[in-house]
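Please model the entire structure based on the sequences and the hints provided.
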Amino acid sequence: MSDPAGATGTMNAEEAFRLLFPDPSLLAEVERLRLAGGNRLRGTMAGKRRSAMLGGSQEFADYRPYVPGDDIRRLDWNVYGRTGRAFIRQYWDEQELHAAMYVDITPSMAFLGGAACSKLQYALRLAALVSYAALAGEDRVEIRLFDQGSVMDSLPSMHGRASFMKLYRFMAVPYNDSRVSDEGGRRAIKTGISATRNERTPASDLSVPFRLPGALPRRPGVSWLFTDAMFEKGIEETLLLLAAAGQRVVVVQLLSPEELRPALVGELNLIDSELVTGKEVAVSDKLLKQYREEVANYRNKLHNLCSERGADYAFVDTSAPVQNIIRELVEMQGVLNR
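Take any residue in the sequence shown, note its place counting from 1, add 1150, and you have its number in our numbering.
Hints in this document: simulated from the structure, not taken from any laboratory. Heads up, the beta-carbon is just placed ideally off N, CA and C, and yes, glycines get one too. Some clues are possibly wrong.
[Claimed, not checked] Have a look at the derived ranges for each label pair, beta carbon to beta carbon:
(1) Asp-1226 with Ser-1175: 42 to 52 Å
(2) Val-1229 with Arg-1311: 36 to 46 Å
(3) Leu-1362 with Arg-1235: 51 to 61 Å
(4) Pro-1172 with Ser-1354: 47 to 57 Å
(5) Thr-1233 with Ala-1470: 56 to 66 Å
(6) Leu-1455 with Gly-1364: 23 to 33 Å
(7) Tyr-1448 with Arg-1224: 53 to 63 Å
(8) Asn-1474 with Glu-1444: 21 to 31 Å
(9) Met-1482 with Val-1217: 40 to 50 Å
(10) Gly-1231 with Leu-1390: 47 to 57 Å
(11) Asn-1474 with Ala-1312: 25 to 35 Å
[As the list claims (entries may be wrong)] Straight-line C-alpha distance at most 30 Å; calculated DSSO-like pairs for lysine-lysine:
(12) Lys-1439 with Lys-1429
(13) Lys-1383 with Lys-1436
(14) Lys-1383 with Lys-1451
(15) Lys-1439 with Lys-1451
(16) Lys-1383 with Lys-1439
(17) Lys-1429 with Lys-1451
Here it is, written out as C-alpha cells:
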C-alpha cells in the first residue's frame, strides 16, 4: 500500500482540506451527525456509542438487586429509603463503532457525464464527509479504494478528531491526481493510483477485491460501499461477504446526469469503460426511452437486492449538491442520525 502522505507530494493538510471541502460550513452540519450501526454495538475501545452491554458510562440503564461484592457507590439510597431494599444502579457501556468506507475507483467511476466532477470525485468527497462524522463521534474508520480485482490503496483504522488531517490527505490523493482528458470527445478521468489498470484483463465482478485476504473488516461494524454498480456480477456475493464479516452495509450508488438522461443522437460508437469494448449504435428517441427504462429498472433491482440482503440503499445523482445528499441520508433514518 502506498503512503498517503507521500503520495500527495507538496500538498499539505490545509490544501487537501480546501480541495475536498470547498464549502467548509457543511462540516459544521456533518459534525453533529452520527453513523448508525443498527442496534447498540459493542466495540473494543471506549467511545460515545451506547452498546448492548452494561458498563461505566453516565447513561442510566436499569436497577438490579444488590449482592455482596457490588460497588456500594452505585447503591440508590433514595430507593432504599422508600422500599427498605438495596438496589444497584446500572449504566450503559459506551463503545466505539467500526466503520469501513469502500470507494470504487474502476474506470467507469471516472466519467463526468455533465456534472461538475466525476463520480469518483463525488464519491471521495461524500465518503470523506461520512468519515468526518464518524471520527467526530469518536468512532473508528478505515478507508479502502478498490479497482478491478484488487484493493489499490487503503488507510488503516483511525480514531477520533486527531485523525482529521490524515483523512484529508489520504482522500485528496485520488481526488487531486485525477486529470481530465478528451478522448475523441469523450470526457474521462485518468487517476494515477490506477495507471496500470490497462495492463490487466478487465473484470466485471464486484466481489473479486472483497474475496482477497485482508479485504474485509476484522471487526463487526458498518461498511459503506460507494460505487456506480456497473458490474456484470458479484454484487449480491459482496453483500453476503460483508454480512458474514458482521457488517451492516450501506450501498451508495452514484450515476452522472448523462448516464441518467443521455443527450445522444445519430450513429455513435459507444465504449464500455469497464470491459474496454465498443459497439456501433444508431441512437434514436425510442432507444433513449428504452435506455432510461432499463436504468430505472436496474436501480430498482439493486434497491430490492439490498433490502433482501439487509443492506441500506441510497442513490446519488452527481449533479446534486453534496449537502442535499447528506440531508437525504439523514432523512432515510438508520443511516446517519442527528
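Comparing the hints with the structure gives:
Between Asp-1226 and Ser-1175 the C-beta distance comes to about 45 Å, which sits within the given range of 42 to 52 Å. A hinted range of 36 to 46 Å for the beta carbons of Val-1229 and Arg-1311 is consistent with their spacing of about 39 Å. The hinted window of 51 to 61 Å between Leu-1362 and Arg-1235 holds, with their beta carbons roughly 58 Å apart. Between Pro-1172 and Ser-1354 the C-beta distance comes to about 34 Å, which lies outside the given range of 47 to 57 Å.
About 58 Å separates the C-beta atoms of Thr-1233 and Ala-1470, a value consistent with the hinted range of 56 to 66 Å. Look at Leu-1455 against Gly-1364: about 26 Å separates their beta carbons, and that is inside 23 to 33 Å. At about 56 Å, the CB distance of Tyr-1448 to Arg-1224 agrees with the hint of 53 to 63 Å. Roughly 26 Å separates the CB atoms of Asn-1474 and Glu-1444, a value that falls within the hinted 21 to 31 Å.
Taken as a hint, the range 40 to 50 Å holds for the pair Met-1482 and Val-1217, whose Cβ atoms sit roughly 44 Å apart. Between Gly-1231 and Leu-1390 the beta carbon distance is about 56 Å. The supplied range of 47 to 57 Å therefore holds. Taken as a hint, the range 25 to 35 Å holds for the pair Asn-1474 and Ala-1312, whose Cβ atoms sit roughly 30 Å apart. This hinted pair checks out: Lys-1439 and Lys-1429 have alpha carbons roughly 19 Å apart, not beyond 30 Å.
Pair hint Lys-1383 plus Lys-1436 holds up; C-alpha atoms about 28 Å apart against a cutoff of 30 Å. A threshold of 30 Å between alpha carbons decides the hint, and for Lys-1383 with Lys-1451 the separation of about 13 Å falls inside it, so the pair holds. For the hint linking Lys-1439 to Lys-1451, the alpha-carbon distance of about 18 Å falls within 30 Å, and the restraint holds. Between the alpha carbons of Lys-1383 and Lys-1439 the distance comes to roughly 25 Å, so the proposed pair stays at or under 30 Å and holds.
A C-alpha spacing of about 25 Å is found between Lys-1429 and Lys-1451, which places the hinted pair at or below 30 Å, so the restraint holds.
Comparing the model with each earlier hint shows a violation of hint 4 alone; every other hint is respected.
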